[in-house]
Amino acid sequence: MTQQQAGETPGFGPDLVEVFGPSQQDGGPELVQLLTPEGERVHHPEFDLDFSEDQLRGFYRDMVLTRRIDTEATALQRHGELGIWAQLLGQEAAQIGAGRALRPQDYVFPTYREHGVAYCRGVNPLDLLGLFRGVDQGSWDPSENNFGLYTIVIGAQTLHATGYAMGMQRDGVVGTGDPDRDAAVIAHFGDGASSQGDVNESFIFAASYNAPVVFFCQNNQWAISEPIERQTRIPLYQRALGFGFPGVRVDGNDVLATYAVTQAALQRAREGQGPTFVEAYTYRMGAHTTTDDPTRYRLSDDLERWKLKDPIARVEVYLRRNGLADDDFFEAVQQEANDLGHTLREGCKALPDPQPLSIFDHVFTEMTEELEQQREGFDAYLASFEGAHR
Amino acid sequence: MTQQQAGETPGFGPDLVEVFGPSQQDGGPELVQLLTPEGERVHHPEFDLDFSEDQLRGFYRDMVLTRRIDTEATALQRHGELGIWAQLLGQEAAQIGAGRALRPQDYVFPTYREHGVAYCRGVNPLDLLGLFRGVDQGSWDPSENNFGLYTIVIGAQTLHATGYAMGMQRDGVVGTGDPDRDAAVIAHFGDGASSQGDVNESFIFAASYNAPVVFFCQNNQWAISEPIERQTRIPLYQRALGFGFPGVRVDGNDVLATYAVTQAALQRAREGQGPTFVEAYTYRMGAHTTTDDPTRYRLSDDLERWKLKDPIARVEVYLRRNGLADDDFFEAVQQEANDLGHTLREGCKALPDPQPLSIFDHVFTEMTEELEQQREGFDAYLASFEGAHR
Amino acid sequence: MSKITLAKGLNMGLRKAMEDDPKVLLMGEDVGKLGGVFRITDGLQKDFGEDRVIDSPLAESGIVGTAVGLALRGYRPVVEIQFDGFVYPAYDQIVCQVAKMTFRSQGKIKMPMVIRIPFGGGIGAVEHHSESPEAQFAHTPGLKVVACSNPVDGYWMIQQAIACDDPVIFLEPKRQYHADKAELDESATPAPLFTSRVVRGGTDVTVLAYGPTVKTALSAAEAAAGEGKSIEVIDLRTLSPLDMAPVYDSVRRTGRVVVTHEAHVNLGMGAELAARITENCFYSLEAPVLRVGAFDTPYPPSRIEEDYLPDLDRVLDAVDRSLEF
Amino acid sequence: MSKITLAKGLNMGLRKAMEDDPKVLLMGEDVGKLGGVFRITDGLQKDFGEDRVIDSPLAESGIVGTAVGLALRGYRPVVEIQFDGFVYPAYDQIVCQVAKMTFRSQGKIKMPMVIRIPFGGGIGAVEHHSESPEAQFAHTPGLKVVACSNPVDGYWMIQQAIACDDPVIFLEPKRQYHADKAELDESATPAPLFTSRVVRGGTDVTVLAYGPTVKTALSAAEAAAGEGKSIEVIDLRTLSPLDMAPVYDSVRRTGRVVVTHEAHVNLGMGAELAARITENCFYSLEAPVLRVGAFDTPYPPSRIEEDYLPDLDRVLDAVDRSLEF
Ligand SMILES: Cc1ncc(C[n+]2csc(CCOP(=O)(O)OP(=O)(O)O)c2C)c(N)n1
Ligand SMILES: Cc1ncc(C[n+]2csc(CCOP(=O)(O)OP(=O)(O)O)c2C)c(N)n1
Ligand SMILES: [Mg+2]
Ligand SMILES: [Mg+2]
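Chains as they are written, first to last, in this note's numbering: chain A, 1 to 390; chain B, 1001 to 1390; chain C, 2001 to 2325; chain D, 3001 to 3325.
So here's chain A without its partners, still in its complex pose (with noise of 0.2 angstroms):
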């Protein structure tokens, strides 16, 4: 009942719902590619790009150090020592490829998935595991490498990504021409976001402006156990439309890809050419969090049929194709995979718990009195424990 129809309705054009079903399993004809699973290198009209071989092995460094974030975190869940974990597990490439196309002056407002990305940016992977051990709300500071705090409440931080590449229009680091200064904001968000309020709303003010932010979704096909059909009935991307500015879909398991549009994109944001939406086709291979059991709601032969798709391993097969890595490459990049392994481990055992009187810190930039107040009666209520069994 609830179905859509297909067909002509005179005047209103084709209904372009099965034209351009949202779920091609390949992402349809108009998905950016340039290295296909198979690890063959193709390529585009519009978005080749050459990639020297440190950068091709860098990406393929990033994409296994980030994985290994992922899992390590994933099993330190599994252990107690985390309270809940986001994995990315199918998403590096996407991540690694948006990440890898920032430049320093740029600004970037993350998810609460974004690990790869804050890896890109400098940020202490320990770092991350704070948030969701419950000891902090994340600890990195956003000014230092440019790259906001995990946002929960989905979308929200589109609106602050735009307001953010509103203030860089007023500062002038926009359309100077000068590449060090000019400087472009990156808003990631999944498929499931882009139906909030917030997520569109952002689209209009970033086109209205004509603001300098790529909006960076990753369609990685479910919002938990929601596919991607129930937001849209036809390709993400295409909402940008909608809006006024270009969208792409890139495939998201092809870092080659995904830094080529993303690059292309952050230019024509810091050039003063505006708004761009790139939709990431992705998938994501393990559960929504470590909380969530996906087989209540998804096929196996999904998940098989984007295994073959895997983002590491096809730059991996072309790695060794063309003789551009050898085994003690990536022996070496293992080994250090291993030892990041080790490091998260140790130090996320190693975290400590906060105060509980740090309840009262920076609620607001000063203390209040009221605040005060209520810190002392605290503290003395805790300190009648003391020596006592509570």
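Note that these hints are calculated values from the structure, not bench results.
Since this is a predicted model, take the numbers as computed values, not measurements.
Some hints could be false.
[Stated by the list, open to error] Restraint-style ranges between C-beta atoms, simulated for each label pair:
1) B:E1038 / A:P179: 53 to 61 angstroms
2) C:E2050 / B:D1328: 58 to 66 angstroms
3) A:P179 / B:E1030: 35 to 43 angstroms
4) C:G2049 / A:L49: 45 to 53 angstroms
5) A:R103 / B:D1026: 23 to 31 angstroms
[What the hints assert, rightly or not] Computed footprint of chain A on chain C; a stretch qualifies when at least three of its residues, placed anywhere within it, have a C-beta under 8 angstroms from a C-beta of chain A:
6) 2142 to 2150
7) 2267 to 2273
All C-beta atoms in this analysis are idealised placements derived from N, C-alpha and C, irrespective of residue type, glycine included.
Place chains B, C and D with the ligands on chain A using the hints.
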């Protein structure tokens, strides 16, 4: 600085801004028109219709009476009988065209300016004044004429409309093929409203469930003092493309075209083909409301230009030129309008103020004990002044 | 008779309501195939179909706003907000539309909607997953606000809320979903929805609680009993309207009151209860009404949430302070 | 020295703040060319340009959300919400983002944003144009909430709010915008922002008011004086944090308190004030704190709004009831 720059960006296609700026004076090539401002009947490949003479005279009469409701209410406000009035001057064709395209079983969700649509639905025009006089918040029974209460929070009603349409789907009154049974919803809103999260979410829900709803936007070029360019940089009807359903721009000052397009969109919805966006391209000839002073923000040139496109004048010319109505007809309509004006004037002044104790009525379907007590307390308090000077 | 959890009680209650009235619909994020992140709607889509258990796009305003439309069309939508902290995108629709429709229309429109909100903390979650937004809704005329505290109430109250012709904000203490089991007698006659209940008699101090703090209050009463203090515990159950009669009755006997909730103390339910009790029982009060709630700070990282939230000791501390007056 | 209205005081204060700090921006619907529907920003876009006085798309969440981004970039956005009833679409951004950024970041982020809200009734407007949403914001940790009541305070308080590094909800009694004039001495030193002020001394009953009800309270005091009753009036000015010292001081002298505001009584500021006063001045109180506010119903049609809102007579009635205890 916040100006948008047009031109090609490699890979992202042409920047559409200058190609389809939202503010072409004539609505641009995509405008559907059946009757020109000069009263000339033109044809359209998709949306043509044969109108009977009765229909044409009816449209004229509807628009004249609607305009009279509006000017009368404006005058009543000037005389202190209304607190405020939201004028529709210039938007008569958009509203009559849309209102007359409805079937009894369809349902309307209006803004605060849909006086012409209300009239078409058979709502007593006097009932429209209560809200603006401050004696009620809309006194008509929505279920009587399938015409909802005026909604003041911008855009909120578009979600109600979508939900109502989802209810119709569940009631099995969509796509049955029975013209007396199949029903649809129309949601009215303004160009400014198109920026609200709620409106965009309603597009998402309507598309996702393929709900039988027509989004009817009167783009009257202004949201109080803000021009349409602040809300969108492409023609507004194209917003729908981003959500996967059709959008059409119709000459909102052309009652024939508005009727034709709206009824096609409604029919599409009734048949189960889902939502359509109709942009009725029109102009707010008056102030935003009687408290607004548009000379502070817009040029009188603009107004003069739009005066030439008056929705009533062109129908009159057409009727006269084609001998479809004679002086008697026009005089009779005029007389009817005068009578209506008189009735409204007298009726308005006679509208009783609500009783103070009515404050407590209908907060809930049954009064709670708490409110009963507040009511009693207030009753006793009021009684204490009896006879006394308060 | 079977022993059930709160989650099960709610699930059974929803099922019963859907069986009884075909107009009852469930809507929300992940309520369908997944059965909700807390599994409260488990199995219902399978049995009642996608038209009655509706997975929605990810947009809370959209969920509540379309539910308004469904209610206008004669349905009785039961909306799930996934976590307390995500109700705010829908806040405008709730306070300006849901709450006001009946008043605006002078009673011509009914708005029989239930908005279910898992609320409160204590589950070790990240930000926005442990909020207690009840005071904001109770401050809004036109909304009714209730909180259940146990499996049996969960079963009955959700059905009563759905049967109510006014909009009801239905608060579920998520920490209790799978905590304790209780015997459900489906043939019993439940107390009316908008009534409070003395859940433990006592003579020295009255403790008012609702939702998650009822358990805390009962434990406190138990502990205090060991020290010879007799605490009366009232489970408020309804927050708007308040059912003050049993409260006043109790206060006139004990002369001392402690209110405890997980919401911030400042302008929380405790403030209103204190104001009303003081006004109505002025000469009976031996001590001011004392409030035990969350501090007036945002919800902290979960590792210290138990310090932040009221617990047995803080309730007892307040009881002692009250007795010292 | 010149005599100015509240509207003028706010306009001058905004102008001064923009002159003093180039990072100050104004944003909102119609704030630019039109100068706002109340003309509070009149002439500012002309003088400071479109980049500093920004007409926004019609979306309140968008306005506040982008203002968050501007603040993160080092700006000091001053946001205008056109009418009280239209703040709710932005509610999520305000309570989940604006209020929590500093806490979330452990102080690394400052959120120096002012959200100006014309509030209260009495102007004969239609629905949603006469709301008093202060309690909801005051209940939210991380927000500061102030209300001005007169032209001189308007001038100073808006500048102080803009200079504050924390987010401030700035409430302007719209009914007073063009009502009374007062002399402004621009060379004076204003009282600190987060302080309350005794605006009329008295000995029998303390009346607490803020925003639009300060005038009502003063008129009531005047009328009561004629009957030999001495009323002390305190203009609270700050609603969060509360400045209780002058309140407690007053209550300890008078023993009787009436709180009046236009917001609903249930869970309004009066509830919190009653709870705190009772707890802190328990032995000084001769009567319970009495509350005079709007009834717990939605705002009615404007023809009866004066019945709905607290007025001089209802304040005096409460004063008498207090004295009868
Ligand atoms: C406003 C809001 N509503 C609900 C949630 C609960 N929630 C967390 S993640 C999620 C799904 C998000 O899906 P998507 O945007 O596709 O991102 P993904 O998790 O797939 O990366 C939901 C519903 C939330 N965090 N915020
Ligand atoms: C949520 C909300 N914000 C602000 C307002 C104040 N307001 C009333 S009408 C209006 C402009 C609406 O413009 P548009 O949608 O184009 O409709 P029009 O008035 O032109 O018919 C504004 C800002 C409101 N009613 N609701
Ligand atoms: Mg997703
Ligand atoms: Mg308009």
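Hints breached by this structure: Hints 5, 6 and 7 not satisfied by this model.
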